[in-house]
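Enquirer: As a plain string of letters, each chain reads:
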Amino acid sequence: MINFFGFENYILLIIKIFFIIGSVLNIIFSFIVVKQVTSMSKNINDKFNFVLIVFSYIYLVLSIILVLSMVAL
Amino acid sequence: MNRSSDLDNIAPDDPIVSSKKVDSKSDFNNNQESSNKEPQDSDKNSKKEDNFQQTVYSLLGHSKSSFSNFLVNPKVLTFAEQDDDETIYLAVRPHLISNLSWIATSLLMLIVPFFFSYFSFLDFLPLKYRLSSIFFWYLITFMFSFEKFLSWYFDFYLITNKRIVDISFNNLLNKHFAQTDISMIQDVSSSVKGFLGTFFNFGDLLIQTAAEINQINFEKVPNPSKIIKLIKELQEADKQTHQGGSND
Chain A
269 MINFFGFENY ILLIIKIFFI IGSVLNIIFS FIVVKQVTSM SKNINDKFNF VLIVFSYIYL
329 VLSIILVLSM VAL
Chain B
2 MNRSSDLDNI APDDPIVSSK KVDSKSDFNN NQESSNKEPQ DSDKNSKKED NFQQTVYSLL
62 GHSKSSFSNF LVNPKVLTFA EQDDDETIYL AVRPHLISNL SWIATSLLML IVPFFFSYFS
122 FLDFLPLKYR LSSIFFWYLI TFMFSFEKFL SWYFDFYLIT NKRIVDISFN NLLNKHFAQT
182 DISMIQDVSS SVKGFLGTFF NFGDLLIQTA AEINQINFEK VPNPSKIIKL IKELQEADKQ
242 THQGGSND
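Just so you know, the sequences run in chain order A and B.
Residue numbering for the first sequence is 269 to 341, as defined by the numbering used here.
Residue numbering for the second sequence is 2 to 249, as defined by the numbering used here.
Do not take every clue at face value.
[Said to hold, decoys possible] Sample of chain A residues at the chain B side, in silico, Cβ under 10 Å:
| hint | residue |
| --- | --- |
| 1 | Y278 |
| 2 | I279 |
| 3 | L280 |
| 4 | K284 |
| 5 | I285 |
| 6 | I300 |
| 7 | Q304 |
| 8 | M308 |
| 9 | K310 |
| 10 | S324 |
| 11 | L334 |
The hints are simulated quantities; they were obtained by calculation from the structure and are not laboratory data.
Glycine included, every Cβ here is placed at the ideal spot set by N, Cα and C.
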């Protein structure tokens, strides 16, 4: 169980920091994905591009949820 | 008047209309001629274009969906560098089988959390940490698969009435664009390698040119022999256009 002055607490803190760093990197990448999918769609127009743009935005929203959930841990 | 030409005037989105303008080379040759000849010339060119599209269909068959890796005369596909009077005859992506490695990796990544929970590797963590780590893992898996899919989906080799184009996006960050005119093509060679290549009929196509970019490589494309036939047909048509232009 979590003990505020115990060893386990430090491990959890380190894990939490790693999770936050990872999720922040993930959100940066998701922004790049949105930007690139939009730019690729401008380069090659196809009827399926809209679906890809929607997917990239879903990924961005999920990444934001992930950051919030990591901070809330 | 020919019925198809009649319909072109009514339906401007008809593919024949897009090719109604005179080809740039023939346009260059003909721009000295009187303006009353132009409608006849454009009609002739649109007919020629229409005939060539039919030739392409007879050579390559029809494609069924935009997910196909072999899109014949694609009506909905355009690219940023496309000219107004440019018609895409064939758009090719690497064969679907070339995605096998990343699909397998993604499937393995999907089962990793089950593996961890089965062997109780994460049991030392509180429940909310475990759930967050699983959520994080699946997001990474999605990111990996999505990036690979996009790299495949936007990797296009295009054959148009004017040129051969290679457009690819590497790792979402780098765009590669290479093109060569049909008249610049010197040599085309193909190689089908390995069990999968032979079984599913895909391989590499090397197009050597007289241009500054001296070769364009189509990697893992389906039906390389059919693509070679199309390029040959285009070269013939290009030669005829040039000869016709010089005779005029």
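Enquirer: Does Y278/A hold up as a contact with chain B if the rule is Cβ-Cβ below 10 Å?
Expert: Given a least distance of 13 Å, the restraint on Y278/A is violated.
Enquirer: Next item in the hint list is L334/A. Is there a CB on chain B closer than 10 Å to its CB?
Expert: holds (6 Å)
Enquirer: Measuring from the C-beta of I285/A to each C-beta in chain B, is the shortest one below 10 Å?
Expert: With a closest approach of 12 Å, the I285/A hint is violated.
Enquirer: Have a go at the M308/A hint: is there a Cβ in chain B nearer than 10 Å to its own Cβ?
Expert: holds (5 Å)
Enquirer: Verify the interface restraint on I279/A: the C-beta must sit less than 10 Å from at least one C-beta of chain B.
Expert: holds (8 Å)
Enquirer: Just to be careful: measuring from the Cβ of L280/A to every Cβ in chain B, is the smallest value less than 10 Å?
Expert: holds (7 Å)
Enquirer: Does the closest beta carbon of chain B sit nearer than 10 Å to the beta carbon of I300/A?
Expert: holds (7 Å)
Enquirer: Close enough to count: is the Cβ of K310/A nearer than 10 Å to one in chain B?
Expert: Constraint on K310/A satisfied, holds at 6 Å.
Enquirer: Tell me if the interface restraint on K284/A is satisfied: Cβ within less than 10 Å of some Cβ in chain B.
Expert: Cβ of K284/A sits 8 Å from chain B, so the hint holds.
Enquirer: Any CB of chain B closer than 10 Å to the CB of S324/A?
Expert: holds (8 Å)
Enquirer: Classify the hint on Q304/A as holds or violated, based on whether any CB of chain B lies nearer than 10 Å to its CB.
Expert: holds (4 Å)
Of the numbered hints stated above, those contradicted by the structure are hints 1, 5, listed in ascending order.
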